[in-house]
Structures are given as C-alpha cells and as structure tokens.
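*Asks:* I would like the entire structure built from these sequences, with the hints used as guidance.
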Amino acid sequence: MAELTYLQAISDGLRTEMRRNDKVFLIGEDVGVYGGAFKVSLGFQEEFGPWRVIDAPLAETAILGACTGAAMMGMRPVAEMQFADFVSCAWDHLVTVAAKQRWRAGTAVPFVLRLPSGGGFSGGPFHSQNPESSFAHIPGLKCVCPATPEDAKGLLISAIEDPNPVLFFEHKHLYRRIKAEVPEERYTTPIGKARIHKEGDDLTVVTWGAMVYTAEEAAQQLDGDGVSVEIVDLRTVMPWDKAAVLESVRKTSKLLVLHEDTHTGGFGAEIVASVAEEAFEDLDAPIRRITAPDCPVPFSPPLEKAYIPQVEDVVKGLRALAEY
Amino acid sequence: MAIAREAEPVGSLTEVREAGLDREDLLGIYRNMLITRGVEERGHILYRQGKIPGSFYTGRGNEAASNGVATAMGPDDVGTPLHRDMGVHITRGVEPWKIFAQYMGKQDGPTHGRDGNVHMADAQLGMIAMVSHLPAMLPVAVGCALAFRIREERRVAVAWFGEGASARGDTHEGMTLAGTRKLPVVFVCDNNQWAYSTPTHLEFATEHVADRAQTYGFEGVVIDGTDVLAVYREAKRAIEKARSGGGPTLLECLTLRMEGHAVHDDAFYVPKVMFERWAEKDPIERYRTWLRENVGMTDDDEDEITTGVKKLLNDSLQRAEESPMPDPADLTKGVYATPEDLDTPHHK
Chain A
1 MAELTYLQAI SDGLRTEMRR NDKVFLIGED VGVYGGAFKV SLGFQEEFGP
51 WRVIDAPLAE TAILGACTGA AMMGMRPVAE MQFADFVSCA WDHLVTVAAK
101 QRWRAGTAVP FVLRLPSGGG FSGGPFHSQN PESSFAHIPG LKCVCPATPE
151 DAKGLLISAI EDPNPVLFFE HKHLYRRIKA EVPEERYTTP IGKARIHKEG
201 DDLTVVTWGA MVYTAEEAAQ QLDGDGVSVE IVDLRTVMPW DKAAVLESVR
251 KTSKLLVLHE DTHTGGFGAE IVASVAEEAF EDLDAPIRRI TAPDCPVPFS
301 PPLEKAYIPQ VEDVVKGLRA LAEY
Chain B
1 MAIAREAEPV GSLTEVREAG LDREDLLGIY RNMLITRGVE ERGHILYRQG
51 KIPGSFYTGR GNEAASNGVA TAMGPDDVGT PLHRDMGVHI TRGVEPWKIF
101 AQYMGKQDGP THGRDGNVHM ADAQLGMIAM VSHLPAMLPV AVGCALAFRI
151 REERRVAVAW FGEGASARGD THEGMTLAGT RKLPVVFVCD NNQWAYSTPT
201 HLEFATEHVA DRAQTYGFEG VVIDGTDVLA VYREAKRAIE KARSGGGPTL
251 LECLTLRMEG HAVHDDAFYV PKVMFERWAE KDPIERYRTW LRENVGMTDD
301 DEDEITTGVK KLLNDSLQRA EESPMPDPAD LTKGVYATPE DLDTPHHK
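Chains A and B supply the protein sequences, listed in that same order.
When you line the first sequence up against my numbering, it's residues 1 to 324, in that order.
When you line the second sequence up against my numbering, it's residues 1 to 348, in that order.
None of these hints come from the bench; they were simulated from the model.
Warning: the hint list may mix true and false statements.
[Stated by the list, open to error] Stretches of chain A that chain B covers, calculated by requiring three or more beta carbons in the stretch to come under 8 Å of a beta carbon on chain B:
#	segment
1	65-76
2	92-100
3	107-119
4	137-144
5	211-218
[As the list claims (entries may be wrong)] Straight line, CA to CA, 25 Å or less: simulated DMTMM-like cross-link-like pairs of lysine to aspartate or glutamate:
#	chain 1	residue 1	chain 2	residue 2
6	B	51	B	340
7	B	333	A	278
8	B	348	A	17
9	B	182	A	22
10	A	193	B	327
11	B	348	A	277
12	A	251	A	277
13	B	333	A	161
Even glycine gets a Cβ: it sits at the ideal position worked out from N, Cα and C.
*Replies:* In structure tokens, the structure reads:
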C-alpha cells in the first residue's frame, strides 16, 4: 500500500489500465504535453505516445463524438473535460447519441468521461459545478462520484471496464487535500455499491463526493453530543445503492441527504422520494435535505461559503433531526 | 467565388474501367439504385395504407449519390448514412424486408420498433445508426477514423451530412479534429438544396459547402450528385487517399430533394421549374441511358434486373408484414449494455 492523494490515485488507475490494455486511450484539451489542467496525466504522453494521449482541439462535441465512434470500433476511450462545467458543450452528444445507442440500435458505447467537478476555491459559476444529477436523469448513462483515493482508483478501473458511457465526477477539492492508503495492485470497485464511511445508530447521512468529509466533520461534533451518525457514501449516483440507503434508514430511522449540487431536482430529491415510498413507516422524523441553494455557484469567498454546505450547516441539521 | 474543385463527369467506359468497375459491377449498381427507389416507393404505399406510424422520409433524387459513395467503400470501412441515404444500406447488403419492418415499427426491424424510419443500421455491415440531430454523427465517424489511425489499420470512415446540417457546430468540430489529425475519414454532403423549407443561401454563405474544406486543411470536391459514376470515381479517390494516410476529403453531391422534407410536406416552397429541370436529370434514368449506350445493356438485361427487383420487394413486403409487433414487456431492456454486448466483430 502506498499513500496517494485522490489525484494520484486517479492517475494510478488510469495508468494501470493504459498499461494493461492498449485499447485504452486518453483524449482531451491539454492532456498531453501539459499533463491536463490538474496534471492527472502528467508524464502519460511520454510513456504512451501522442496517439494514446491525445491533445484535442477545443471542441467538446468532437472529443465525445470521437469517443463514441472509437468505442464502437473497439477502443476504450477516456475523455477529460477540463472542467465538468464544459460538458454542457457536449450535452447533446452524450444525451442524444451515446446514452441511447445501446437501447435503440443495439450498439454498446463503452467510454469514460472524466469530469473535474465541484467548488471550494473561487472557481466561479463556470468552474465549480456538480452536474451529476442532470446526467443521472438520462437513461443509458452511468454517474460515478468517488470520495476516497481508494475508490477513485477502483471506480475508475471499473468505469473503463464497463460497457456503457460512464461519467466519472472527480471532485477538484479532494484532488490534493485527501490522501490515503491505496493498494498498488489493480483492483475494481463495483459501480452501484455504496460504502459505509462511518457506522452509527441514531442518524443516517447519505452523501457522496467532497460532502462525505463535510458530513464526517459534522458527525464528529455530534459524537460529542452522544449522537451516533452513520454516513453512507453513495459512491455512484447512477446506478445508486437504494438497498444500502434503506438498510441504514431502517436502522437509524432518521435521514439527512447532503449534496453540493443545487436543491431543486438535485439527486437528493430522488433519494428522498424513494425512501418516502419504500421506508415511510421506518421513519421517526421528516427527511431533511442540505444542499446548495438554487442559484449559480458564486465567485467571491463569502458568497461561495454561503453557497456550499458547510460543516456548521450539517451540524445544525443533524442536531435538529436528533432532537425531533 | 468557388474554391472547391468541380468533379468531371464520367463519360466513357474506359474511364469507368480505370476506376475499377466491370460490366457486372455496373449492372449491380443499377440494380441497387432500383432497389433503393423501390423500397422508398413501397414505403409510400405502406404509409398511405396507414401501416407506417409517425412520418415517412425518403431520398428520392439521391440514389446516385448514396449508391455511388457506398460502392466505393471497402468491406471493412464504416459509415454513418442519413435519411436520404437508403442506397448505402442497400449497397452494403441490408435486406429490404428488415427496412420495411423498421418502417412499420415491427419486431424484426433493426431497432425492433424502438426507433423509426431510417434511424437504423446494421453494425455488422459497417454502419452506425443515425439520430435526428443530423450532424451529430460526423464526430462519431471521426472517432471511428481515430480508432483506425491509433491502431494503424487501413480502414476509412464515411460521414454523411446535409447542407442544412453544415450550419451546426458538430460539423465544424468534427472537421477540425479530422483535419488537425489527418484522420482517414471522408465527409459526404448530400446537398439537396432544401433543408426542410430553407434554401441553401440561408444555410451557408459560400458558393459551395465543399469550399469550406480548404479552411480545415483538406480538399473539397463538388460533384453532380445525379451522376452515379462521377460520384463513385470521386468517392473512390477520396476513400483510397484517406486509406493511404492522405487525410480527409469533403465531397459535396449536388442534387435536388425531389419530394417534401417528409411525406406530410408538399414542398410548395420549391419552384416548380426547379423540380422540372432536375427531373430531367433523374439519376436512375440518366444511368440507364448511359448503360444502354456504353455497356450495351439490352432489353433482356433490363427485364431480368427489374423483374428480380420487383420480386425481391414483393417478397420483402410480405415477410415484413408477417413480422410481429414488438412486445411492450421488453421496453426497458437493454438501456444499459452488458459485457456480452461487446462480443461483436466491430468492438474487437
């Protein structure tokens, strides 16, 4: 085991698959010579050459369209959007072609789209978004949102193996901040299986991505109150592990759903609706949601702090739920 | 001012032989053109009989362009034909009964009733199913070419689009990536002069769509899209150039859409004289005359071909009619692929 940052774990997973399978290639803006905007692919072009680490023109539709074509012709493309926000330029391709091709034409489209997402460093409205719920809504796409270095590597390898278009949301705020032991060998982490980040008996928090750590800090404060919080890290939002969520809710009978994306129609709404449908009688309190407000991501630090759910927001929500 | 090269018409049998076609090939092209038109004519009848749900689209007038390009493709080449390109499906061997089944939303259509009209393809025959967002398939074809280039295979992708689709960003992005990387792809613009009711001067400001090719770093060629042999010769040149590492070419096949955008559209906005002028250049009639004058196609040859086509279409219709409707119980199956779905020749 080596201690790797979240970013190094993603690089490690990608390098592992590229060494193992020469069908895997990386395409994106500045991924080659520059090593990617966040340096995930630093040194890759030297190792794999310019035809497996491809510097693309600034053309997101061409990048993803090319991934679909290459995938159908037997390759296993991995595309990088420089920022998840720019996937809007290629929304049409993902939703119109890639997502529907298997169902309507019988042709599988196995590619991975890496999406550096999330805020916390004054990236402003166009470099901070968490668009996973928009894509979780589209039948045919899978959405993966790892929180830990170990999951980042294992889920990336699973995503590359998967026969579908998989959107891999890597949270920028975790890139260099989070460091943990990661197995050196190749392994996969199953898509669709949640992970219990912290066991607890009194309250359940369901979350994913960077919010796992916000929930963890909040839960530590609740421990001081004698309230035991269970944190379910969903790991993938499409498919999502409903069984794990229901199991935890049936144990604790109180649920708080936490995400960094905006409120209305965020993926939390789906979780809340499903729990209300299937575990209503197990609940001892109304379900709570803590999310970003329904507005674009702001630039200035005090505004961004007000936008992204903070530890104190979660503590407040958990205490209210505990006292109900 | 035009920038693209204007293709020469193919006149003599010698030129055709130089392009690699013998008598049998030439008659085969004629037969495929007849099947192409026949499938769509029968489709019209099915539509009027109320057997085709939704609308119905044809490529009447585009038979030379679609069959000409498809004939020039190699067996391992791939393409993304659109709704005016029935000839590509026919030339690459799709059985007409499956097309009729597709039209009628039946279980045996290539999409099993999940998608309609020409939104279909047989991937085993090297085709990828189109979507309604027409230029969306150009970057996909470019991606096929990218795979061939990465693996250093001598294969070519052919990407179809219309002059209306040329206005969209996908076209620009796809050609930019293909041009910068010199990928083995041939872009084919079916310029039938009307994007629904919009004429060409409201879609692009150059004289030809093919004039744009120069700005992407490759050659553009304007071809009379009613001349199947001229289309074939230019497509062959472009495909073989791409195959040998020479990069993309943009071929623009100029035709007239001889019917409305779809069956519900009477095309009142197209000047009548335009239809009359282009009807004189009907691609099938034009080729038939050429065959009789240059290859000695006799009445007997013609009878044999037309009788065979008629029988094929009749049998196909009957078989398609017998196909069951899809089972709603299967509606949500296959939204996500399984590893077994990758067990195809093209995914390997």
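*Asks:* Below or equal to 25 Å on CA atoms is what counts here, so check residue 348 of chain B against residue 277 of chain A.
*Replies:* violated, 43 Å
*Asks:* Would the pair residue 182 of chain B and residue 22 of chain A pass a check requiring their Cα atoms to be no farther apart than 25 Å?
*Replies:* holds, 21 Å
*Asks:* Would the pair residue 333 of chain B and residue 278 of chain A pass a check requiring their Cα atoms to be no farther apart than 25 Å?
*Replies:* holds, 24 Å
*Asks:* Count the residues of the segment 65-76 of chain A with a beta-carbon closer than 8 Å to any beta-carbon of chain B: does the count reach three?
*Replies:* Our answer is that it holds, as 11 residues pass the Cβ test (under 8 Å) against chain B, meeting three.
*Asks:* Between the segment 107-119 of chain A and chain B, see if three or more residues pass the 8 Å beta-carbon test, and mark the coverage as holds or violated.
*Replies:* Result for this restraint: holds, n = 4.
*Asks:* Quickly compare the C-alpha distance for residue 333 of chain B and residue 161 of chain A to 25 Å and report which way the hint goes.
*Replies:* Holds - the C-alpha atoms of residue 161 of chain A and residue 333 of chain B are around 21 Å apart, at most 25 Å.
*Asks:* Hey, residue 51 of chain B versus residue 340 of chain B, does the alpha-carbon distance stay inside 25 Å?
*Replies:* This hinted pair is violated, its Cα atoms lying about 34 Å apart.
*Asks:* Is residue 251 of chain A close enough to residue 277 of chain A, meaning Cα to Cα at most 25 Å?
*Replies:* holds, 17 Å
*Asks:* Given as covered by chain B, does the segment 137-144 of chain A meet the bar of three residues or more with CB within less than 8 Å?
*Replies:* Coverage by chain B holds here, the residue count being 3 at a Cβ distance below 8 Å.
*Asks:* Is the hinted pair residue 193 of chain A and residue 327 of chain B satisfied, with a Cα-Cα distance of at most 25 Å?
*Replies:* violated, 32 Å
*Asks:* Using C-beta distances, would you say chain B covers the segment 211-218 of chain A, given that this needs three or more residues below 8 Å?
*Replies:* violated (count 0)
*Asks:* Is residue 348 of chain B close enough to residue 17 of chain A, meaning Cα to Cα at most 25 Å?
*Replies:* Roughly 17 Å separates the two Cα atoms, so the pair holds.
Hints 5, 6, 10 and 11, counting from the list given before, are not met by this structure.
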